[in-house]
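With the hints as constraints, model all of the structure from the sequences given.
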Amino acid sequence: MSCIKFQRKMIGENMKEKTVQFLESIVIVAIILVLIQTFLEDFSVLAGWSWNIRKTLVITGFCFDLFFTIEFLTRLFSSLTNRKGLEYIVFGKGWIDFMASVPLLMFNSGPSLLAVMAGGALFPGVGGFLNVLKVAKAIRIARVLRLLRVLKIFKQIKYADSVMAQRHIAKVTTLAITVFVLTSFLINLLSRPLNIFSAEMQFNEKYNRVADYISENIRGDDTGAFDELLNIEEGLLVIKDGGKTIFSRYDNSFYRREFGPADYQYTERGSLGFFFDSRDLLKLQSRDNIIFFTVVVILVIILLVYYSPHFAITVTDPIHVMRRGLKEKSYNLEVKVPDRYRDDDIFQMATLYNEVFLPLKDRSRAEEGGGDLELKIEDIKDIF
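The opening residue of the sequence shown carries number 103 in the numbering used here; numbering runs sequentially from there.
Just so you know, the hints here were simulated from the structure itself, not pulled from any lab data.
Note that this is a predicted model, so its numbers are computed, not measured.
Computed Cβ-Cβ distance ranges for the label pairs, DEER-style:
1. T285 - F179: 25 to 33 angstroms
2. L125 - R269: 16 to 24 angstroms
3. I404 - V265: 20 to 28 angstroms
4. F179 - W151: 37 to 45 angstroms
5. I404 - L135: 17 to 25 angstroms
Note that the Cβ used here is the ideal one computed from N, Cα and C, for glycine as well.
This is the structure:
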């Protein structure tokens, strides 16, 4: 009976392990897909894709953020149940899971989805909401932190078979990308409060001058003056007076087809509401986001391709050779000491290992006819 219970327990544990592996595989696929979606969302703006395509990418982004938020809350609940909540947040990269999910859902994809559901029509009162979308849009780049999620569960890093190397490389990569992401995010977030000149400020100043000129020089009943508006500023799309449209550059079908909720810049002058085309500004921001995204990906590749083998050659490989030499009687391989790293602490120890310990080991084996290794404490002291 106990044997049957043991078998059932083992089967249950195996099924649980397979389920966890399956779920982790789904998460990995979702991570890769959300990175592709992040790139495409910016590329679609830069390439001038129609709003219908960009709307699909916005909805997809919301679905990914919702998925990762549920994943984070599930992991957090499981950790709290096992009284390991702090360990998950601090040491289990839970803070990364949080930053790459909850803020994005609340301040980026969530409001964007609400704007999509509200429709793309121009109406008074939407301007403040559109400006909020532009501020929240800066946080979207935090999705690239999901790269760190891949590193956390990535077990086959080239030249890094040891647990220490994997942990060290993952920590260095995590720190580098996190500092890079947060610094760029804070610069974008604080550029307006600190009055740092930017392309957005340039666009706003230009649109404000146009709005001031129109409100001061053109009356609502002066129909002939509206023809001049077409040449004043190509970015001027619509003017509303008390909710009534008094000027529109295009018809509504064009707006529905080509413009999304974040493609407008809105400002007011008294009863007049002005809508400006902000797609050129969004293209500049999307270009910067793509450059930033590419830099982060290149940074990860460099750390894995260059720094990973460098750490292995200068740290883990010497330790591995010395550990085997101390543990195995028949292992007498010397540690290779590169001339340019000879003064490093690890290679100073390796030199002592090569020049002192290995000769002592060979002499001890020779005296005992290749038998068990027995070094005296005095011999060990001579090494140090």
